[in-house]
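Q: Now for the letters of each chain:
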Amino acid sequence: MEDELYLENIDEFVTDQNRIVTYKWLSFTLGVHVNQAKQMLYDYVERKRKENSGAQLHVTYLVAGNLIQNGHICHKVAVVREDKLEAMKSKLAMIASVHVYSIQKAMLKDSGPLYNTDYDIVKTNLQNCSKFSAIQCAAAVPRTSAEVPQVQTSAQADSQTPNDTHAVNVPTVNGHVSSTAKQPSPQPKGIMGMFATKSASKSQDTNKETKPESKETTIATTVSSKTSPKGNAMSNFFGKAAMNKLKVNSECEQPKEEKTVAKPSVSVVEPKSPPSAAVEKPGKKMEPMKIQQKDKRSRAKRVDMSDNEGKEDENLKKKRRRIKRPQSDSSEDEDVSVSPTPQEATPPLPSPEPALKIELEPETTEASTGGKKRKRKRVLKSKTFVDDEGCMVTEKVYESESCSDSEEEFIKSKLPAAHSQSTAAVKKEPKEDRKGLKKGAATASKANKQVSIMGFFQKK
Amino acid sequence: MFSEQAAHTAQGLLAPPSAEASTFARVPVSTYTNCSQHFRLGERSFNRQYAHIYATRLIQMRPLLLERARQKWGSSIAVKKLCELQTAEKCCIVGTLFKSMQLQPSILREISEEHNLLPQPSRTKYIHQSDELILEDELQRIKLEGAVDIQKLVTGTILAIYGSEREDGKFVVEDHCFADLPRQLPRRGPSTDRFVLLVSGLGLGGGSGESFLAMQLLVDVVTGQLGAEGEQGCAAQISRVILAGNLLSQNTQNKDTINKAKYLTKKTQAASVEAVKMLDEILLQLSTSVPVDVMPGEFDPTNYTLPQQPLHHCMFPLAGAYSTLQLVTNPYQADIDGVRFLGTSGQNINDIFKYSSMEDHLEILEWTLHVGHLSPTAPDTLGCYPFYKTDPFIFTDCPHVYFCGNAPRFRSKELKGVDGQQVLLVTIPDFSATQTACLINLRNLTCQPVSFSGFSADEDEGEMEISH
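These protein sequences, in sequence, are chains A and B.
The letter at position 143 of the first sequence is residue 1614 when you use my numbering, and the numbering goes up by one with no holes.
The letter at position 456 of the second sequence is residue 1097 when you use my numbering, and the numbering goes up by one with no holes.
Worth flagging that the hints you see were computed from the coordinates, not collected in a lab.
Do not take every clue at face value.
[As the list claims (entries may be wrong)] Calculated lysine-lysine pairs in the BS3-like style (CA-CA distance at most 30 Å, straight line):
(1) B:Lys918 to A:Lys1594
(2) B:Lys766 to B:Lys995
(3) B:Lys793 to B:Lys1057
(4) B:Lys1054 to A:Lys1562
Kindly generate the complete structure, drawing on both the sequences and the hints.
A: Given below as structure tokens:
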């Protein structure tokens, strides 16, 4: 009777859930070999039709075989509806295989839905897509993480050796080669190494959080030097919270004196402002709005992309943007808008948290009348304290509020790293809040509104 | 032929489930060597002029041509340089062809203010009745007339010409010859059936979903998910898959970011990002089951000039984890199971098509083999890296399988050379348009097209078949 289980399953899928059951979908869902799935489908169709000849079942078949066309033999593989099956079989000179492709309740006009079903099930099972296949390849072994950097370095070596042969005759090229060859090669290796270990990066995140902390002071002091962007670029890969800490710390020296207005939603954005002390307040006020817009955009982008590619694309962007950073020293509005664009992508990238915080905090300010959440009322507290960097800070604190909100947000967006982030979040908040306080309430509400509008768009 | 022995188990899966399902092991790769090192570029310097590549091309090919000329017209013919020519004296000259075409797009003409010309509309062919052929060697050039097919030949071809110079300074051609096929290494193919699948023009990101199901069927056949047991057993004999270019569609080449204002395009993601992600998933499915070689094409995110460098592995985080995925150059040369493959993604053939009267891609493919150069029109009309030491596009050994991707239709031919070479010429059709791929049997060097189709709302299914 266990054999009949699959019949019941298929029955449920087709009739109750009204799905299109393709052999591949069935194979992955029931965890059986593809050929068995095909046979199961056939068996189901036969039995159902025997029981109830008026059964509402539409079947598509796969037919493959040789077709004589224009004098030579062409191998044809086609998915056909049941009514066209015999016609197709008669067209073929030699039939290599016939089997059930899918079963569904409704008649399919075209094969688009079949493709969609298969695509979806493969997408959810990407890592073991050949598990139930009839062909197993011994050579298809994932590279170990140790091998991957070797591959990259050999690719580098490959590109370097023709280098040497070409560079013999032309002294200018030689010089060009020698100067550039050294620079890009260690750097890409390091950065490629980051890419290589991206699969382990999540676990590395927690380890490497300690590293950026040690780097923070050096980065803070050498903020305007060219090396710092690259240092930032490296440490950027280590994790969102770590990165935020980095940025936050690099900024803490500048805005020390500016503690006037509370603007928590802009706090995260603060780190992105260019490291020049010459940045004016109005300029800064303009920034957060633009930055938030771009923030939201980049967040949307990031949310859309899958984690892996997103990280890598944005890591690349990060690297580029880091180099841009010192140039924004002579910042006018335009520069400010240019440099924060790349920069602002960086903090929110691997970290949903700051972006989420931005969303959180508008809610907190806006819903001060709303009282949707009872925790909101605890928000406005004035606190004076000396933070890590020795900055004396007076601020209205949203601490407890944000914490719980952020947890809710995490649950909402179902981010797995939420809990690990929330601990980092607690630490970060005092700094963020301090920075947020600098902004005017007017700009705050404006920015909040903008942020929430962007949030609306991202819900799509 | 592929899956002929599958016939007897064709209907085997139209039955209740059997206890065990057979699994086939993919044929192991017995020997594989990637011979495309000379197409890889290291540090690139564009300070050089393109004259060097022509000079080295002539220097490298002159001895071959002289040998052919002596074979054809006798060893006693006089071989002269252009500067040594005497009028009315029959001799043989060797040089580079230049075809001056009035319809050839010229950037100088376009931007010249004197002429006030509008940009030329793009055409399929740029040949014209008034085109002229000029032969150039190291020092001089001379116009050619006579028994030479001006329309057929293209710039950059090196050839030997037999004739004499006339009083008015033009050279009257009596006969000409090319370098012809180089020598071929003996083929040590496998003794059992082994297949290599050639696909090109997947065209992801194209926006139209017609070829998606066909692509999925292709992947499923190769990975052994589709088909009855016999067919799966045959599919297990596919030892390699070569994707010959244009993995992304032309639609992903969105130039809006250049033309549109930045504030409008800041949010937009390049169309190629989504397409590359889709490609990564497809490559992952293939890589877990069969070795794959990915060649870039005209619309793929790599450099524009030939030789195109391999796509960067960071674009394929999922598939790149498997050692079966190989990212290779365009053109690509490799020894697979003892059979030498050489091929391009089709840019060279398409370019010759534009500037020659030859209509058939297979004919052009054969012609390049006779001329002894993969892409004679580079760097004149096709972008090319300014080589100066060697011209890597000159044929050194004759391949056993010579292919080009992104042709309008599938054609194949067995070519026999004068020295006993045997080459299988294959033009791989564009998959996004024809849903056809090619399967090459390494044992006997035969080629078979494989086409995939779904069904659509049209009643007549014949429309989905490959067009010939």
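Q: Which hint numbers does the structure go against, in order from smallest to largest?
A: none
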